[in-house]
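Line by line, the protein sequences give chains A and B.
The numbering of the first sequence is this note's numbering, which starts it at 1 and goes up by one.
The numbering of the second sequence is this note's numbering, which starts it at 1001 and goes up by one.
Keep in mind that the hints were calculated from the coordinates and are not lab data.
A couple of the hints might just be wrong.
Derived lysine-lysine pairs resembling BS3-like cross-links, with alpha carbons at most 30 Å apart [unchecked claim]:
(1) A/Lys155 / B/Lys1343
(2) B/Lys1343 / A/Lys142
(3) B/Lys1335 / B/Lys1393
(4) B/Lys1393 / A/Lys116
(5) B/Lys1393 / A/Lys169
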Amino acid sequence: MNMLDIKNLHASIEEDGTPILKGLDLSVKPGEVHAIMGPNGSGKSTLASVLAGRDGYEVTDGSVTYEGHDLLEMEADERAREGLFLAFQYPVELPGVSMSNFLRHAVNSVREHQGKDELSAADFLALMRENAALVNLDPALKARSVNEGFSGGEKKRNEIFQLAMLAPKLAILDETDSGLDIDALRVVSEGVNKLRGPERSFVVITHYQRLLEYIVPDVVHVLVDGRIVRSGDKQLALDLEEKGYDWLREDAGVPA
Amino acid sequence: MTRQKSLETTFIEAFDKDLGLLPSDDSDAWTSSQRQAIRTFADTGFPRPKSEAYKYTPVTRWIGDTPLLQTPGPVSATRLPLSELPGVHLKTVNGQLASAPEQLPEGLTVLTLRSALETHPELVRQHLKRVSEGTSSDVFGTLAAAFAPDGLFIHIAPGAVLPEPVYIHHAAVSPDAFIQPRMLVVAGENSEAHIVEHFPEADAGSVFENRIVGVDVAMRARLKHLVVYERGARARFVNGLYVEQKGESVFSTNNMTLGGALVRNNLHFVPDGEHCETHLNGLYIARGGAHVDNYTLVDHVKPNCFSNELFKGIVEGGSTGVFNGKVMVRQDAQKINAYQSSKSIVMDDRSHVYAKPELEIYADDVRCSHGATTGELDDEALFYLRSRGIPEKTARLILLEAFARDVVDLISLKEVRTYLNTRLGQLLAD
Ligand SMILES: Nc1ncnc2c1ncn2[C@@H]1O[C@H](COP(=O)(O)OP(=O)(O)O)[C@@H](O)[C@H]1O
Ligand SMILES: [Mg+2]
């Protein structure tokens, strides 16, 4: 069974009805890493938002099946408890909510859903420590408010840290590389690579080919104007780096 | 003529029946000050519908036509006092000291206000006069001064540093009664103290507590004050606090309004000396159609002072929150730093918040700022929490607690913070 099956997905902005996704197909098998590349504004984050269940978008056609279930029927928090994770392009600051409180709630919500007991305080702290080390995050951050006063790089590493804490089945990384310098990029990528496994799939959204040198994808897709216009292996990412997107736009009959 | 007229008459007639309106030669200082107060009340009258200060909160609407001025059979609070809190524990019934306190630390005096007329005549007479004439109270405080049978007097001797708080547990009130307590707190020069007042939930129906508190903070004194109000869903409270600070003193007050159908905090500060510091903070949760109004005035009459104000509110279930914060900087009050901020979260479209910050500045070399925000819970933040598997209800609670924590964190007593965080969790969860 596929981890994720997206068929003919059409989605628009709820407020004004502007169509963004215009017939998108994508299938991801367990353990696979798929990269989605595409120019700014092509709908990459919209896809991530629709998958994660963010309000403000309306699915007008098509279907999304996650592990055999209709994903679109589930609430955002239910999706997360079922093992879907979104690393945000723009992580949100939560003043007054400490990292440890936030993650304790998150981890235990997922565990409860899986029929597991709450983690003991000691086990939880050990898990925090271990996963913070994975992405080189200062363990002292547990007392700080979520993302408040974090540098751009810290915010992105924090997303991967949370990914590690929640151990999802399907992780969507939305431009986790943007704003990272080369060292941070390496740290984040190594973290992600350690989290790869036969049961865990990744959809890695990126604007640059650079990230894919570190996180080597099984499949690369190009998203232009709300549709996947081409799929290939990692060579496709290199071609894009060289030629840009315009040749694909013309192929797909989309005005540049 | 109008209903208002008759309500005032109701009070005046009730007073006249008990104490008589006319001055008499043989009356003591207390009774004369009561008579002065009822005359001031009669002259002023309740706020008119167009009154600027009361336009969002027509208090008389919550008084009804026949205020119950007798106080039969007080009932005790249903919630336990903060018994783990160290320090002196005092208890009041209908605002009056329940029993003479034993074993006070050196430098602390606790008396009824009438007995303090004997021991500290200057201080008390001056206070009675100011309230009765309406210079240190508005019309509700004056009314309280007319009816209060006695009051509470707390005195911290010059130089005394109280290591532990003075906890006033307003433990019992008469159901549905109109109660008018009063209190005077005097912090002597160089003294230091922390006063915690607690109005716990009580099965007292629509009890109305209309109180007036005077606070005198002498030179270089440091006084902290906290009010935790959590009476029942029909209770009413007008809380008049009038503070006068002398030079280099520091005063802070924190008002936690967690209960009641009507709460009006009248918080009034005059830093009447240079280099004063004034902190006024508050948090309110208005639920189930409640109406909570924080009306504050900081009147900077002297230069080189600092004041800071933070009020936060969570309003839900068809409730109303009002913040009316005024900062006045008089012409001679140069080099003032005065900051004010009010933030509220409106949980549904049946609830409303009116925020009215007012800066009135007549000096030219000052730094003042104010900011007022009113909004819903942040959707982005809510989604972020939910995207981590946290159910919506829990996610809301986490955000509301974080919002409220700012104000709770300003309280220096750990026991009180713990108590409030638990209570806030309970209140916000349902
Ligand atoms: N919530 C929204 N409201 C209005 N417009 C939106 C919203 N989300 C996305 N868009 C618009 O949809 C288009 C695609 O945006 P997005 O999915 O963020 O692209 P990408 O991530 O590929 O850069 C853009 O034109 C963007 O302005
Ligand atoms: Mg994007």
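Hints, verified against the model:
no., hint, verdict
1, A/Lys155 / B/Lys1343, "holds, 27 Å"
2, B/Lys1343 / A/Lys142, "holds, 27 Å"
3, B/Lys1335 / B/Lys1393, "violated, 47 Å"
4, B/Lys1393 / A/Lys116, "holds, 21 Å"
5, B/Lys1393 / A/Lys169, "holds, 25 Å"
Violated hint: 3 only; the structure is consistent with all others.
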